[in-house]
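Residues per chain, in single letters:
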Amino acid sequence: MAELTQLIDSEVFLAYSTYAAIVLLKMMLMSPCTAYFRITRKAFANPEDAGVHGKGEQAKKYVRTDQDVERVRRCHLNDLENIVPFFGIGLLYALSGPDLYTALLHFRIFVGSRVFHSISYLVPLPQPCRALSFFVGFCVTISMAYRLLSTSLYL
Amino acid sequence: MAELTQLIDSEVFLAYSTYAAIVLLKMMLMSPCTAYFRITRKAFANPEDAGVHGKGEQAKKYVRTDQDVERVRRCHLNDLENIVPFFGIGLLYALSGPDLYTALLHFRIFVGSRVFHSISYLVPLPQPCRALSFFVGFCVTISMAYRLLSTSLYL
Amino acid sequence: MAELTQLIDSEVFLAYSTYAAIVLLKMMLMSPCTAYFRITRKAFANPEDAGVHGKGEQAKKYVRTDQDVERVRRCHLNDLENIVPFFGIGLLYALSGPDLYTALLHFRIFVGSRVFHSISYLVPLPQPCRALSFFVGFCVTISMAYRLLSTSLYL
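The listed protein sequences correspond, in order, to chains W, R and G. 0 is the number of the first residue of the first sequence in numbering that gives the first Met the number 0; add one for each residue after it. 0 is the number of the first residue of the second sequence in numbering that gives the first Met the number 0; add one for each residue after it. 0 is the number of the first residue of the third sequence in numbering that gives the first Met the number 0; add one for each residue after it.
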């Protein structure tokens, strides 16, 4: 790996830091989104939540699953499954001293693909919109992992 | 960003490292907690697990969902959804050279809010205990992301 | 913590970087694995996905849960629950300047235990294969957290 003082102050690390924060914020947005659907659809997972929106028998009816709520939750879980590897591999990749232009390309495509993935999932757009956006983000992370492991392997 | 040698050895990074480790350990605790509820409630997800606690027809009955088990699992998933962004954004925030007092305030409030969130979820305490503790932790992460992006944006 | 210039360029950090990338890639593998089972078992979560593999009434039948698909998804979620703490605590541990031999031992055992966990889950092997592999990985992370917190605690 390159000299350390060139690393965290470097433009690559700043770029990583910016895009990683953006994509993590996007993932966090799914939580209020789930809450919004749970409240408008009156579909709660916990009796104590349903109790706020209705009393007695009515509250019990609100403890149920709803297609829209489940859709947001699947979207959130898919974000977790993909943004966690991006964050981890991206951090190590950014510290392995890649070319700035290449790194920016990776980060931008990934963030774009995840934003498009969420839109495709929540609208929902017809397939293969969602499958493609998932696949693009997946390949970006694989590409960073390939570059990372090929430049600095220590088993 | 500030000079590198001041960063990882800095008190801010040490504080981040301590609180991040604590909150990750708290999240890991949910796994034995799930196992405990699965075994005491005899509610397993896999036939091979149920087979350890009963034979034949009885084992089949144990492959079921249970309200208490599902509650722990939702609590665990909520931890993942919130602690992952805290870990990621917090790391970048700690490296962006914030004021020590402000940083400690962020980390302490977040860890406190997540511990209180788990207690609210598992007891369960009446709402809005859980909603408030979730919201406090959420705002801490947003606040760190705001400070991070406002001091070091590189698009 | 040790001098910074000795850290990220150090063999410990290189080793961490390699093993973390490998275990994150392993986790990512679960996504195509889920897709494979969803397509071969014809069990989809979204109507727009089922619509690609069948028309009208048939598509509706494909929106269902399947035991094999659920098994892969549980395996994926368990990976998330365990690999996220490993990644986080491992990163801070690698930066706290541990002994190279000890660190390598931790990383290798963790990666081995998670690979064996996935195999145990997906085959599935009889218990306690999966429980043991989970437990070994869990203890490795706890051990790193212990060393981290005992050398650099800042509350």
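Don't read these hints as lab results, they were simulated from the structure. Among the hints, erroneous ones may be present.
It does not matter which identical chain is used: a pair holds within one copy or between any two.
[Claimed, not checked] Derived pair list, reagent style DSSO-like, types lysine-lysine, alpha-carbon separation capped at 30 Å:
id: 1; residue 1: Lys54; residue 2: Lys25
id: 2; residue 1: Lys41; residue 2: Lys60
id: 3; residue 1: Lys59; residue 2: Lys41
Using 30 Å as the alpha-carbon threshold, which applies to Lys54 and Lys25: within, between, both, or neither? Neither: 35 Å inside a chain and 34 Å across chains, both beyond 30 Å.
Is it within, between, both, or neither for Lys41 and Lys60, if the alpha carbons may be no more than 30 Å apart? both (9 Å within a copy, 26 Å between copies)
Evaluate Lys59 and Lys41 at a C-alpha cut-off of 30 Å and name the case that applies: within, between, both or neither. both (11 Å within a copy, 24 Å between copies)
Going down the numbered hints, you'll see the structure goes against just number 1.
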